[in-house]
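**Q** As given, the protein sequences belong to chains A and B, one line each in that order. To convert a position in the first sequence, counted from 1, into this note's numbering, add 1. To convert a position in the second sequence, counted from 1, into this note's numbering, add 7.
Treat the hints as calculated values from the structure; they're not laboratory data. Values in this document were obtained by computation on a predicted structure and should not be read as measured data. We put the CB at the ideal spot given by N, CA and C, even for glycine. Where hints are given, some of them may not hold.
[What the hints assert, rightly or not] Some chain A residues well away from chain B (every beta-carbon gap over 10 Å; in silico):
#1 Arg147
#2 Pro149
#3 Gly213
#4 Lys291
[Said to hold, decoys possible] Chain B regions said to be covered by chain A (calculated; three or more residues, Cβ under 8 Å):
#5 63-71
#6 90-103
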Amino acid sequence: MAASMKCAWARCLSTILLNSTKHRCQISQPLYASCSNISGDSGNDEIIFRKGEGGTDQTGQEAGLADDTKKHRRDPGKAFTDVRVQKILLRLTGLDLDKVYEYRAAKGAGVAKVALMSDQQLKKVYESASYKALRKLQMPPVLGAREPIDEVLSEDPELEGLNTSKLVFIDISQRVPLKKRTIVVREPNGTLRKASWEERDVTLQKYFPQSGRKIGLPRMFQQDNLECMLDDGKHEYILNRACSQFEIDDPEYIRVTQRTYEHIHSNGKFEDLRSTRHFGPMIFYFTYYKKIDKLLVAFLEEESLEDSVDLVKLYHIVHPSCKSAEKVASMPDPTPLEIIGAFAEMDATQKSLVQQAIQTYEKECDSTDSTQLRR
Amino acid sequence: MALAIRFALFGCTNRPFFHIVVMEKRRAQRSGKIKEMIGSYDPMPNQDNQKLVAVDFQKLQKWLGFGAVPTKHVAELLGLGGFYPIHPMSYIKAKRKRKLMEKQPADMQAKEEAQETEAIQVNEDTQPVSTEDASQ
C-alpha cells in the first residue's frame with residue numbers, strides 16, 4: 002500500500018535527491034529557531050551538547066548514538082541529526098504529492114489553478130512541485146528536554162519591600178536571535194536572576210510575537226482536551242499546532258508529541274502520518290525508545306519490504322551495540338529478510354508477533370511468485 | 008538644553024504607561040519632540056504579578072555615548088535591571104517601606120506604590136518654557 006501511495010514520479014525524484022551530492026539532509030535553520038545550534042558548530046554553548054559528550058566527533062559514529070545509559074535519554078537530538086538517520090527517515094516518509102498538497106482550510110489557501118499544458122511543461126511543474134513538497138516535509142527535530150535555567154546574577158536583600166511585584170527586564174535590541182535575548186527578573190526579595198524558560202517564552206511572545214503562537218498553554222494541550230482530540234483522530238493537527246506553539250526542546254512539546262505517538266501506536270494508525278513531516282520524528286521516537294515491533298509488523302503486513310529493512314537498519318544505527326546489529330555486521334551479504342529475521346530473534350520485545358508477520362509475508366511472496374510464474 | 012533618557016507618560020486615566028525615550032529634559036513629553044524611543048515600562052503589574060520593562064540597550068548605550076543623562080527614576084529602574092549599580096534611592100525607599108510595613112497592614116503597600124507612580128508623573132511632566140512659546 003505504501004508503494005501505491007507514492008506516485009512513481011515522486012519516488013524516482015526523491016531517490017535521485019537522496020543520492021545527489023547537492024541535497025544534504027540538514028535541518029532548515031530559518032524554520033526552527035531552537036535548532037540553530039544542532040549542526041554541531043563549535044563555539045556554540047548549547048546546553049544539550051555540553052553534557053558529558055567529551056571527545057565524541059560530530060557525526061557520533063564512534064561514540065554510538067544511543068548508548069544504553071541514562072545520558073542518551075536526555076539527548077536524542079544527536080542521534081536524530083545523524084545523516085544516515087535522516088536519509089532513512091526521509092525514505093520512509095515518502096512523497097505523496099496528493100497528500101502533501103491536500104487542500105487545507107487556512108489563511109492564504111488559494112483556489113486551485115487549472116491550466117492547459119504540454120507533456121514537457123507538466124513534467125517541469127511536477128519537478129518543481131516535488132522540490133517544494135520536500136521542503137514541506139522537513140522534519141521538526143527530536144530533542145531532549147531543555148535544562149531549566151537557574152542562574153542568579155545578584156542578591157540584594159536590602160531591596161526587600163521596594164516592590165510587591167516582580168520586575169521583568171527584556172532587551173529589545175535589534176537583530177538579536179530570540180534564544181540569545183537577555184531576559185532578567187528582579188524579585189520582590191531583591192534577587193536578580195535570569196528568567197526561566199516559561200517566563201522567556203511568554204515574554205518573547207509578547208514583545209516579538211510569532212504567528213500561530215498563544216501566550217500561555219492553549220487549552221487544547223491540557224491533558225483531558227488532548228485525549229479528546231486524539232480520540233477524534235486529529236493527530237496531524239495536534240502535531241502541527243504543537244510545532245507552531247512550542248519550541249522543539251520544550252518539555253510540553255515533548256509531552257504532547259510523545260502522547261500523540263503513543264496513541265497512534267496503541268491504535269496502529271501509523272499510515273495517518275505517512276508523507277507528512279511528522280512521520281520521521283514518530284519513527285525515530287519508536288526506534289529510540291525501542292518500540293518498533295508493532296511498526297515493523299505494520300510494514301510487513303503492507304508488504305513493503307524496503308520500509309521494514311529501513312526500519313531495522315535505523316534501529317541498528319541508533320542502537321549500534323544491540324545484538325542483532327552485531328550479528329548483521331558479521332554476516333557477509335545479508336538479504337533483507339535475514340536482517341529482519343535477526344532483529345526479530347534477538348532484539349524484538351514481541352518476538353512471536355514479529356516472526357509470525359515475517360512468515361506471513363514470506364507466504365504471500367511465495368504465493369504471488371507462483372501465480373506470476375503460472376501466468 | 009540637556010539631553011535626557013527619561014520616562015514619557017502615555018496611557019490614560021488610572022492607567023499609566025511609560026515609554027523610555029531620549030528627549031530634552033525640560034520638554035513636555037507629549038509635545039512630539041521625542042528624539043528616539045528606546046523602551047517601555049509598565050507600572051501596573053500583570054496577571055503573573057510582573058511589571059514589564061523593555062529597553063533597547065544598544066540604543067541606550069549609543070545615546071549615553073552622545074551625552075544623554077538618565078533621570079533619577081530611569082536610573083533607578085536601570086539599577087534594578089542590573090545595567091547600573093543599584094541607585095541609593097532604591098535602598099532608601101525600600102528601607103522606608105519596610106518601616107511602614109511594620110506599622111501598617113499590607114494593603115497600604117499598594118497605595119504607596121501608586122503614589123510613587125504619581126511622583127514619577129509629576130517629575131517627568133514638566134511645563135514647556137514660556138519664552139520658547141513666545142518666540143514661536
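**Q** Against each hint, give a clear statement of whether it holds in the structure.
**A** Checked hints:
no.: 1; hint: Arg147; in the structure: holds (20 Å)
no.: 2; hint: Pro149; in the structure: holds (18 Å)
no.: 3; hint: Gly213; in the structure: holds (22 Å)
no.: 4; hint: Lys291; in the structure: holds (40 Å)
no.: 5; hint: 63-71; in the structure: holds (count 4)
no.: 6; hint: 90-103; in the structure: holds (count 6)
The structure shown violates none of the earlier numbered hints.
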